[in-house]
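Undergrad: Protein chains in written order, with numbering that gives the first Met the number 0: chain R, 0 to 349; chain Z, 0 to 349; chain S, 0 to 349.
Be careful, since some hints might not be right.
Any copy will do: because identical chains look the same in the list, a pair fits if it lies in one copy or spans two.
Said to hold, decoys possible - List of simulated lysine-lysine pairs, BS3-like, C-alpha gap at most 30 angstroms: (1) K333 - K243; (2) K326 - K313; (3) K192 - K112; (4) K345 - K243; (5) K333 - K345; (6) K293 - K331; (7) K331 - K313; (8) K192 - K279.
Source of the hints: derived by calculation from the structure; they are not laboratory data.
Being a predicted model, the structure only gives us computed values, none of them experimental.
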Amino acid sequence: MSRTISEIASFLGLRFQGDGDRKVDKVSSWEAADASSLIYIESREVAAQFPQTVQAACAIVLPESAPAGISAIFSERPKLDFARAASLLQPRPSSAGMRHPSAVISASAEIDKSVDVGPLVTVRAGARIRRGCILHEGVVIGEGCVLGEECVLYPSVILYPQVEVGNRAILHAGVVVGSDGFGYVFDGDAYIKFPQVGTVVIEDDVEIGANSTIDRGSLGVTRIGAGAKIDNLVQVAHNVQIGKGVVIAAQTGVSGSTIIEEYAVIGGQVGFGDHAHVQKGVVIGSKAGVLPGKIVRSGETYWGIPVRPLSEFKRLNALFGRLPQMKEEISKLKEQVALLQAALQKFESK
Amino acid sequence: MSRTISEIASFLGLRFQGDGDRKVDKVSSWEAADASSLIYIESREVAAQFPQTVQAACAIVLPESAPAGISAIFSERPKLDFARAASLLQPRPSSAGMRHPSAVISASAEIDKSVDVGPLVTVRAGARIRRGCILHEGVVIGEGCVLGEECVLYPSVILYPQVEVGNRAILHAGVVVGSDGFGYVFDGDAYIKFPQVGTVVIEDDVEIGANSTIDRGSLGVTRIGAGAKIDNLVQVAHNVQIGKGVVIAAQTGVSGSTIIEEYAVIGGQVGFGDHAHVQKGVVIGSKAGVLPGKIVRSGETYWGIPVRPLSEFKRLNALFGRLPQMKEEISKLKEQVALLQAALQKFESK
Amino acid sequence: MSRTISEIASFLGLRFQGDGDRKVDKVSSWEAADASSLIYIESREVAAQFPQTVQAACAIVLPESAPAGISAIFSERPKLDFARAASLLQPRPSSAGMRHPSAVISASAEIDKSVDVGPLVTVRAGARIRRGCILHEGVVIGEGCVLGEECVLYPSVILYPQVEVGNRAILHAGVVVGSDGFGYVFDGDAYIKFPQVGTVVIEDDVEIGANSTIDRGSLGVTRIGAGAKIDNLVQVAHNVQIGKGVVIAAQTGVSGSTIIEEYAVIGGQVGFGDHAHVQKGVVIGSKAGVLPGKIVRSGETYWGIPVRPLSEFKRLNALFGRLPQMKEEISKLKEQVALLQAALQKFESK
Numbered sequence: 000m001s002r003t004i005s006e007i008a009s010f011l012g013l014r015f016q017g018d019g020d021r022k023v024d025k026v027s028s029w030e031a032a033d034a035s036s037l038i039y040i041e042s043r044e045v046a047a048q049f050p051q052t053v054q055a056a057c058a059i060v061l062p063e064s065a066p067a068g069i070s071a072i073f074s075e076r077p078k079l080d081f082a083r084a085a086s087l088l089q090p091r092p093s094s095a096g097m098r099h100p101s102a103v104i105s106a107s108a109e110i111d112k113s114v115d116v117g118p119l120v121t122v123r124a125g126a127r128i129r130r131g132c133i134l135h136e137g138v139v140i141g142e143g144c145v146l147g148e149e150c151v152l153y154p155s156v157i158l159y160p161q162v163e164v165g166n167r168a169i170l171h172a173g174v175v176v177g178s179d180g181f182g183y184v185f186d187g188d189a190y191i192k193f194p195q196v197g198t199v200v201i202e203d204d205v206e207i208g209a210n211s212t213i214d215r216g217s218l219g220v221t222r223i224g225a226g227a228k229i230d231n232l233v234q235v236a237h238n239v240q241i242g243k244g245v246v247i248a249a250q251t252g253v254s255g256s257t258i259i260e261e262y263a264v265i266g267g268q269v270g271f272g273d274h275a276h277v278q279k280g281v282v283i284g285s286k287a288g289v290l291p292g293k294i295v296r297s298g299e300t301y302w303g304i305p306v307r308p309l310s311e312f313k314r315l316n317a318l319f320g321r322l323p324q325m326k327e328e329i330s331k332l333k334e335q336v337a338l339l340q341a342a343l344q345k346f347e348s349k
Numbered sequence: 000m001s002r003t004i005s006e007i008a009s010f011l012g013l014r015f016q017g018d019g020d021r022k023v024d025k026v027s028s029w030e031a032a033d034a035s036s037l038i039y040i041e042s043r044e045v046a047a048q049f050p051q052t053v054q055a056a057c058a059i060v061l062p063e064s065a066p067a068g069i070s071a072i073f074s075e076r077p078k079l080d081f082a083r084a085a086s087l088l089q090p091r092p093s094s095a096g097m098r099h100p101s102a103v104i105s106a107s108a109e110i111d112k113s114v115d116v117g118p119l120v121t122v123r124a125g126a127r128i129r130r131g132c133i134l135h136e137g138v139v140i141g142e143g144c145v146l147g148e149e150c151v152l153y154p155s156v157i158l159y160p161q162v163e164v165g166n167r168a169i170l171h172a173g174v175v176v177g178s179d180g181f182g183y184v185f186d187g188d189a190y191i192k193f194p195q196v197g198t199v200v201i202e203d204d205v206e207i208g209a210n211s212t213i214d215r216g217s218l219g220v221t222r223i224g225a226g227a228k229i230d231n232l233v234q235v236a237h238n239v240q241i242g243k244g245v246v247i248a249a250q251t252g253v254s255g256s257t258i259i260e261e262y263a264v265i266g267g268q269v270g271f272g273d274h275a276h277v278q279k280g281v282v283i284g285s286k287a288g289v290l291p292g293k294i295v296r297s298g299e300t301y302w303g304i305p306v307r308p309l310s311e312f313k314r315l316n317a318l319f320g321r322l323p324q325m326k327e328e329i330s331k332l333k334e335q336v337a338l339l340q341a342a343l344q345k346f347e348s349k
Numbered sequence: 000m001s002r003t004i005s006e007i008a009s010f011l012g013l014r015f016q017g018d019g020d021r022k023v024d025k026v027s028s029w030e031a032a033d034a035s036s037l038i039y040i041e042s043r044e045v046a047a048q049f050p051q052t053v054q055a056a057c058a059i060v061l062p063e064s065a066p067a068g069i070s071a072i073f074s075e076r077p078k079l080d081f082a083r084a085a086s087l088l089q090p091r092p093s094s095a096g097m098r099h100p101s102a103v104i105s106a107s108a109e110i111d112k113s114v115d116v117g118p119l120v121t122v123r124a125g126a127r128i129r130r131g132c133i134l135h136e137g138v139v140i141g142e143g144c145v146l147g148e149e150c151v152l153y154p155s156v157i158l159y160p161q162v163e164v165g166n167r168a169i170l171h172a173g174v175v176v177g178s179d180g181f182g183y184v185f186d187g188d189a190y191i192k193f194p195q196v197g198t199v200v201i202e203d204d205v206e207i208g209a210n211s212t213i214d215r216g217s218l219g220v221t222r223i224g225a226g227a228k229i230d231n232l233v234q235v236a237h238n239v240q241i242g243k244g245v246v247i248a249a250q251t252g253v254s255g256s257t258i259i260e261e262y263a264v265i266g267g268q269v270g271f272g273d274h275a276h277v278q279k280g281v282v283i284g285s286k287a288g289v290l291p292g293k294i295v296r297s298g299e300t301y302w303g304i305p306v307r308p309l310s311e312f313k314r315l316n317a318l319f320g321r322l323p324q325m326k327e328e329i330s331k332l333k334e335q336v337a338l339l340q341a342a343l344q345k346f347e348s349k
């Protein structure tokens with residue numbers, strides 16, 4: 000969608016310099032920019048040495064740091080305002096009320112007339128789908144599921160029955176929500192399935208990455224809080240509670256009943272034992288491991304298996320690397336002590 | 000399905016007290032229970048202090064520990080009997096012989112008339128599907144696959160050709176069985192694909208979690224033993240042998256030709272090198288790593304990368320945390336030894 | 000496909016002994032071989048003690064090491080030539096120009112007439128699919144995607160719009176290519192989506208395992224180099240560059256903008272922080288962790304979290320296991336030093 004520089008600046012509530020009527024129609028990296036691109040420059044250093052060959056229509060830059068010859072919008076946070084401008088130039092796709100004839104839709108499903116139902120989608124009995132949703136190829140909406148407004152479900156997203164999704168959720172291809180949790184009771188010979196009859200609630204503005212899996216509660220609810228962002232191939236087990244604005248990177252796994260409070264930031268390939276409790280705003284580094292039942296307290300960054308505060312982890316890791324020297328020092332001390340013992344014995348025997 | 004308390008007690012072979020004719024129609028957590036719920040209470044302590052506001056129809060409790068005012072069934076293992084009761088109240092879905100017109104079914108497939116074939120399912124040539132199976136949306140049954148009785152395949156389960164599945168298997172959404180194993184021979188310039196022409200056998204009563212992947216044997220068979228339970232996003236490579244009753248938690252990966260003997264219990268995010276051998280009943284903690292070719296012997300719980308017996312792991316981990324003190328002690332010893340050396344030298348020079 | 004021993008030897012450019020006219024129709028393990036099987040024997044030791052009961056038609060063996068009674072083809076690298084022979088006996092499936100009536104194909108897609116479009120496939124506007132491709136059930140080809148010649152896409156492979164795939168790619172079931180990268184800017188209250196409007200380029204002869212995910216570039220390109228082989232459940236983030244002939248085992252995750260140069264070999268469950276740089280030919284062991292921005296230099300094998308050269312890792316790991324002895328030695332030294340101090344004091348007080 001084409002916009003003028005002054006329209007973009009006005010949308011962002013920011014000042015600009017240069018040709019306000021010039022048209023911009025996309026966001027680009029500066030390496031790939033052409034004469035209709037919006038770019039951003041994050042630092043004054045980069046702006047000062049900016050290649051004159053770059054052909055962008057406009058750059059979002061720190062105040063008064065525009066490279067020569069490029070129209071500029073001034074922002075204290077260029078990357079943030081670039082992301083905002085992108086939502087204007089390349090807005091989320093909007094639905095047009097399409098119903099593909101190959102879709103299999105239950106007569107008892109309630110689907111707003113604005114919703115796009117793509118090819119080979121299934122919507123089962125009692126499902127309710129609100130205004131502006133887009134269901135791509137092969138999506139399955141189970142019995143009684145509810146989708147809020149303007150959700151986008153990419154191909155092959157599977158919702159088991161009774162899953163509730165809030166407004167503006169984005170579920171990427173292959174996401175599974177509401178599968179049975181992993182719970183059994185051993186009877187001495189075989190594992191008996193513990194009932195997995197709870198539900199999943201995904202609140203507003205959640206995004207979940209490709210092929211991630213979110214299990215339903217066993218008897219209760221698995222909840223993903225508003226604005227949480229979950230990367231690809233993440234596992235969220237039954238009864239987990241993910242707070243508002245939590246970020247979880249790829250391939251992390253969260254075991255049953257664990258609580259991750261709001262605005263925690265979790266790296267990739269992290270593992271949480273069951274019934275752990277991560278407090279508000281905690282940061283956990285990639286590949287870390289949190290033991291079952293562990294309380295991870297606010298105010299720190301954590302690393303390692305099991306997790307420790309980062310400063311402690313760094314110190315221990317450095318000492319781990321110095322183990323050969325420690326061994327050496329101990330050997331030398333043993334020699335010195337043996338010499339001292341011998342010398343003393345000589346004295347004593349005099 | 001509605002049942003009376005006396006019917007449930009009789010099914011479980013247990014005593015009850017209270018109103019045997021009262022109807023129960025679901026299992027619930029006690030927090031969410033209503034007047035038609037069955038709940039369970041695992042300990043006498045919880046039962047003794049049980050909130051009087053809870054409205055369950057019936058509780059399964061340890062003998063003679065019924066909270067006041069609730070009908071009770073007495074069990075030495077309340078959680079196990081609760082799980083059994085759930086299979087009575089909320090039984091597995093049963094098939095009704097449905098053939099959705101959108102399904103694509105080969106004329107040479109043999110499908111029992113009781114089987115449900117859901118929307119947009121494909122069943123290829125020569126597949127055989129026995130009594131009571133349910134195939135959800137988008138399932139693909141490859142050429143020559145065999146499904147035993149009463150299997151449930153959730154949406155988008157993909158079986159490559161020639162996969163055999165036993166009775167009562169549950170495969171969750173997005174599971175892939177029979178994909179090519181990861182085997183190549185380097186010719187000095189490129190990787191030449193090693194043939195992946197074996198099969199997969201999944202025995203009776205196996206459950207596999209969402210988006211897990213089970214590769215076919217290269218020349219032989221990948222086997223998942225009877226009653227094994229596999230969580231979400233687990234990888235099982237070519238020629239792996241998983242024994243009877245093995246439990247594997249989410250995101251664990253098992254490399255080629257590894258053997259995991261019966262009743263082993265494997266945590267989440269564990270990694271097994273190829274040709275490892277885990278003996279019967281071994282327990283391996285989450286995030287552990289087993290080296291290629293390693294034999295992990297029965298009778299222990301293992302942790303760490305590489306795995307060590309838990310007692311040893313705990314001791315080493317504690318000492319790891321004490322590295323700063325060890326460093327401190329070595330420094331102090333060095334000072335003391337230097338003082339001793341100086342003192343001795345003084346003596347000697349007298 | 001049936002071939003004579005002399006045809007196979009000729010195809011491989013190798014000598015044989017025995018009955019050149021004998022028919023071979025498949026590759027087998029020697030345990031499962033029958034009278035029409037080709038097998039291979041990797042070492043002279045195994046060949047010398049080979050069970051006389053094995054019924055293969057022909058064995059590929061090291062020169063002059065044929066077991067008695069079996070026709071043999073002589074090779075310096077039996078496993079490699081066995082893999083090559085397999086490509087002759089059990090060649091890749093070839094397409095026949097099938098268009099399944101249930102497929103949903105845009106009028107503006109260009110699909111070579113030789114291509115197989117399976118049941119329930121979707122091909123969107125502007126896609127171009129070249130000679131010999133096979134699209135299995137439920138595959139989705141997004142707007143403007145390009146597939147080179149003879150690609151095989153197994154069921155439920157999802158290509159988001161604008162993905163480019165080279166010749167002879169094999170994408171296994173459930174693979175997602177071109178999903179949005181995981182990028183947000185925090186505005187103090189919520190995470191604002193950073194634009195994910197780049198593309199993915201997959202070069203010739205790439206194979207990607209089941210349920211792996213490859214994100215599109217944010218503003219640039221995510222690239223998988225020619226001949227790279229990627230196992231199941233692997234995550235490749237936005238803007239990653241994977242070089243020619245790189246091998247990546249299952250469940251590894253590569254964070255944004257990381258570069259892995261040609262012929263690197265990466266184990267399973269490895270994690271790469273963002274903007275890391277792995278140089279040509281590096282080998283990284285399973286479960287290793289590479290820190291963000293880290294340069295991993297050519298000429299070494301690396302292990303551990305964070306990665307260290309293998310020799311160093313082994314030494315440190317051995318010392319880690321000896322921590323109890325080190326603690327013991329320190330305690331003993333403390334005792335000895337205390338005794339020495341006491342003895343000296345006695346001298347001094349004389």
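Undergrad: Take the hints in turn and mark each one as holding or not.
TA: Hints and how they fare:
Taking identical chains as interchangeable, the C-alpha atoms of K333 and K243 are never at most 30 angstroms apart, the minima being 57 angstroms within one chain and 53 angstroms between chains. Taking CA atoms no more than 30 angstroms apart as the test, K326 paired with K313 passes in both settings, with 20 angstroms inside one copy and 15 angstroms between copies. Taking the shortest Cα distances, K192 and K112 sit within 30 angstroms of each other only across copies (28 angstroms), while inside one copy they are farther apart (41 angstroms). In the homo-oligomer, the alpha carbons of K345 and K243 never lie at most 30 angstroms apart, since the shortest distance is 74 angstroms inside one protomer and 70 angstroms across protomers.
In this assembly of identical chains, K333 and K345 lie within 30 angstroms of each other by CA distance both inside one copy and across copies; the values are 18 angstroms within and 22 angstroms between. For the homomeric pair K293 and K331, neither the shortest alpha-carbon distance inside one copy (41 angstroms) nor that between copies (35 angstroms) is at most 30 angstroms. Taking the shortest alpha-carbon separations for K331 and K313, both the intra-copy value of 27 angstroms and the inter-copy value of 23 angstroms come in at or below 30 angstroms. With identical chains, the CA atoms of K192 and K279 are at most 30 angstroms apart between copies only, with a shortest distance of 22 angstroms across copies and 34 angstroms within one.
When each numbered hint is compared with the structure, violations occur for hints 1, 4 and 6.
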